[in-house]
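Protein sequences appear in the order of chains A and B. For what it's worth, the numbering used here labels the leading residue of the first sequence as 1, then goes sequentially. For what it's worth, the numbering used here labels the leading residue of the second sequence as 1, then goes sequentially.
In case anyone wonders, no lab produced these hints; they're calculated from the structure. Here the structure is a predicted model, which is why all the values come from computation and not from measurement. For each residue, glycine too, the CB sits at the ideal point set by N, CA and C. Mixed in with the good hints, there may be bad ones.
[What the hints assert, rightly or not] In silico contact screen, one side only, chain B against chain A (beta carbon under 8 Å); selected entries: (1) Val117; (2) Thr154; (3) Ala171; (4) Leu195; (5) Phe202; (6) Ala208; (7) His324; (8) Lys331.
[Unchecked claim] In silico lysine to any residue, SDA-like type, Cα no more than 20 Å apart, as pairs: (9) Lys351/A <-> Ser305/A; (10) Lys333/B <-> Val383/B; (11) Lys333/A <-> Ala208/B; (12) Lys205/A <-> Asn336/B; (13) Lys333/B <-> Gly24/A; (14) Lys205/B <-> Glu294/B; (15) Lys333/B <-> Lys384/A; (16) Lys331/B <-> Val132/A; (17) Lys384/A <-> Asn206/B; (18) Lys61/A <-> Met1/A; (19) Lys333/B <-> Arg23/A; (20) Lys2/A <-> Tyr115/A; (21) Lys384/B <-> Pro136/A; (22) Lys205/A <-> Arg108/B; (23) Lys333/B <-> Asn206/A; (24) Lys333/A <-> Glu294/B; (25) Lys331/A <-> Pro136/B; (26) Lys378/B <-> Asn328/B; (27) Lys61/A <-> Arg23/A.
In case you want the letters, here they are:
Number of protein chains: 2
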Amino acid sequence: MKVLILGGDGFCGWPTTLHMAARGHDVMIIDNLARRAADRELGCDSLTPIASLDHRLEAWKAEGHAPIAFESLDVARDYDSLVAVLRRFQPDAIVHFAEQRAAPFSMRSARHKRYTVDNNVNASHSVLCAMVEACPDAHLVHLGTMGVYGYGRTGGLEIPEGYIDATLSSAGETAQLEMLYPTDAGSIYHMTKTLDQLLFQFYAKNDALKITDLHQGIVWGTVTAETGSEGPFVNRFDYDGDYGTVLNRFLMQAAIGHPLTVHGTGGQTRAFIHIRDTVRCVELAILNPPARGERVRIMNQMTESHRIRDLAGIVSGMTGTPIHFMDNPRKEKAENDLRVSNSGLLHLGLKPTKLSDGLMQEVMDIAIRHSNRCDTSKIVANVKW
Amino acid sequence: MKVLILGGDGFCGWPTTLHMAARGHDVMIIDNLARRAADRELGCDSLTPIASLDHRLEAWKAEGHAPIAFESLDVARDYDSLVAVLRRFQPDAIVHFAEQRAAPFSMRSARHKRYTVDNNVNASHSVLCAMVEACPDAHLVHLGTMGVYGYGRTGGLEIPEGYIDATLSSAGETAQLEMLYPTDAGSIYHMTKTLDQLLFQFYAKNDALKITDLHQGIVWGTVTAETGSEGPFVNRFDYDGDYGTVLNRFLMQAAIGHPLTVHGTGGQTRAFIHIRDTVRCVELAILNPPARGERVRIMNQMTESHRIRDLAGIVSGMTGTPIHFMDNPRKEKAENDLRVSNSGLLHLGLKPTKLSDGLMQEVMDIAIRHSNRCDTSKIVANVKW
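Bound conformation, chain A alone (with noise of 0.2 Å):
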């Protein structure tokens, strides 16, 4: 298949990308290194020593694969240049990844609440309607994020793959109908995918494009069969304050010595995936596309729930790194359950990979091994809202 990847470089792009070229796929990665520039103007890295871009690619046609193409465009912008490369390559997948994807980084003034806002919406426009004049027999493939569900809004009820079935109540009378489930954002960026998704309703009824939206849980680990954990392919490692990941962060802090940081009680209940359960994901929704015609297809992209505190009890547990409690720079609830039905990836196929599994020790060790690359200063969470 001829697949597209919009955010090809990123944290979870690039490993798809990999992982996609490695099973014959035709992959072409459109990207504006977006995620690179934001590692500038926040003074920070990632711990793990990534290539450029071009490095990447030419390191990967060396060692004998097909070429990996690459557009570089903001998908957002330059509309005119993203259709011209649909008209040409004429994808059977899009996948779509190209949006500003931290929520602290997004809350850090009106400046970074308009750039998310602005980029992410008119990325994911841009697509859809490039797609209805280029490529409308394509299937986008969006990543959403489990934070679209808000958390605690519809009590312990189990979290359904986006529709929910609904009794409505007006005047007396009832109707029931399935509609997608009442979002509830608790950053500006979780609303950008709140966004999306009307948008991916109107042009699934308007314009009859295949979609699959999946609502990630939170990434861990960061490497794949593909990226290996040296070298030129090796995937990026985000431990800073606004785009490390929790359980990677509470690892590499263990590896470094620094006390985990928990903020508030740690009584927030999230789901998480390993990456290498997200590039699979993203296979087995491109091999599984719905019909034209069809309504969105939204799929729950995690295989397992942990409350924070636990797993910095795990974490802690592991290595005897102490727990440090902090003020929760957030504004959520304190304390959540949290149950999601993730049943649409299993049926395809999924495989999950476990914390229970033996790989926080691989991130652990990746970060022990270039501990020497961390800025701690950059470690504790610093945007509040």
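Assemble the complex: chain A is given as a structure, and chain B must be docked to it using the hints.
This is chain B only, laid out in the frame that chain A set:
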């Protein structure tokens, strides 16, 4: 009160500006004159000869009224200027009309779709960001649309004011909540108003902004007490296939002897409001702000519902003009019922102006007076989706 009108040169914005100024409020307009630019792009013009905004404002001052200030800027793009104006003017209320508001225009092409999403989302988001920075106690009054509700998705259930009681079912358990009515937009334009709703929910929750969203029906009439029906304050009268609204179009068609253009079977039932009631509703919203920390206040700004073919029948009966049933250019249900709660604005004191109050003749009189300005080639809607 200090009232800032974003989009104060437009069809609803201008009469609202005068309505508030005539009642002694200190009114400022922000506008980028995009609506006049759209006329030029389409080769259309208001049926009424509207004065330039400068001329309108000079004439207002010349009549002895307190001057109305005007800042020419693009709310979606000129963020720093917007913040500076808010800091200086310190409005009590901001009325937000600064969005592209025609469904057919929003569906013309990829460029028009992208413009509508980009402009409307960024305009709303910039206002919210700027309020947080410059005037967090101000009250935002936004013009939404009845179109966010979709038509017929929940059977004949009465459409409540924004929120609806729901029982959600998942995995054999249920949960109760009051939630935003599930949206179902019929065009890119309407979709942008469903996105706005989610922006408002976030900023009311996260920043305790005071926000009222007025889901307006289809406006008819063009004259208020302040605009009059001629002279420098006259309001625009849109009759073209993009910006003209259905009842005004029927009345104008009857005035020049053009068949009444009914789309499909005319079985669509829609909500209506006279422009005199629009300005009164906005005033009532301004005078009754929610407190900080309250949820977004949503009210349905409409006074009566009619089936389109019934309206055509009324106008045809008044004038003898034949009805021409045309292929419906829009994707929408051929027939729908519509019952709407509008108790919020009635409780605040709205006295509805109905079709039966004789004002249809006023619209026809204006259309007859200016019939020499009509370009009949612009009457038929030519955007299909």
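Structure-based check of each hint:
no., hint, result
1, Val117, "holds, 5 Å"
2, Thr154, "holds, 4 Å"
3, Ala171, "holds, 4 Å"
4, Leu195, "holds, 5 Å"
5, Phe202, "holds, 5 Å"
6, Ala208, "violated, 11 Å"
7, His324, "violated, 26 Å"
8, Lys331, "holds, 6 Å"
9, Lys351/A <-> Ser305/A, "holds, 16 Å"
10, Lys333/B <-> Val383/B, "holds, 17 Å"
11, Lys333/A <-> Ala208/B, "holds, 17 Å"
12, Lys205/A <-> Asn336/B, "holds, 18 Å"
13, Lys333/B <-> Gly24/A, "violated, 45 Å"
14, Lys205/B <-> Glu294/B, "holds, 8 Å"
15, Lys333/B <-> Lys384/A, "violated, 46 Å"
16, Lys331/B <-> Val132/A, "holds, 16 Å"
17, Lys384/A <-> Asn206/B, "holds, 11 Å"
18, Lys61/A <-> Met1/A, "holds, 19 Å"
19, Lys333/B <-> Arg23/A, "violated, 45 Å"
20, Lys2/A <-> Tyr115/A, "violated, 31 Å"
21, Lys384/B <-> Pro136/A, "holds, 18 Å"
22, Lys205/A <-> Arg108/B, "holds, 17 Å"
23, Lys333/B <-> Asn206/A, "holds, 13 Å"
24, Lys333/A <-> Glu294/B, "holds, 18 Å"
25, Lys331/A <-> Pro136/B, "holds, 18 Å"
26, Lys378/B <-> Asn328/B, "holds, 17 Å"
27, Lys61/A <-> Arg23/A, "holds, 15 Å"
Consistency note: the structure conflicts with the earlier hints numbered 6, 7, 13, 15, 19, 20.
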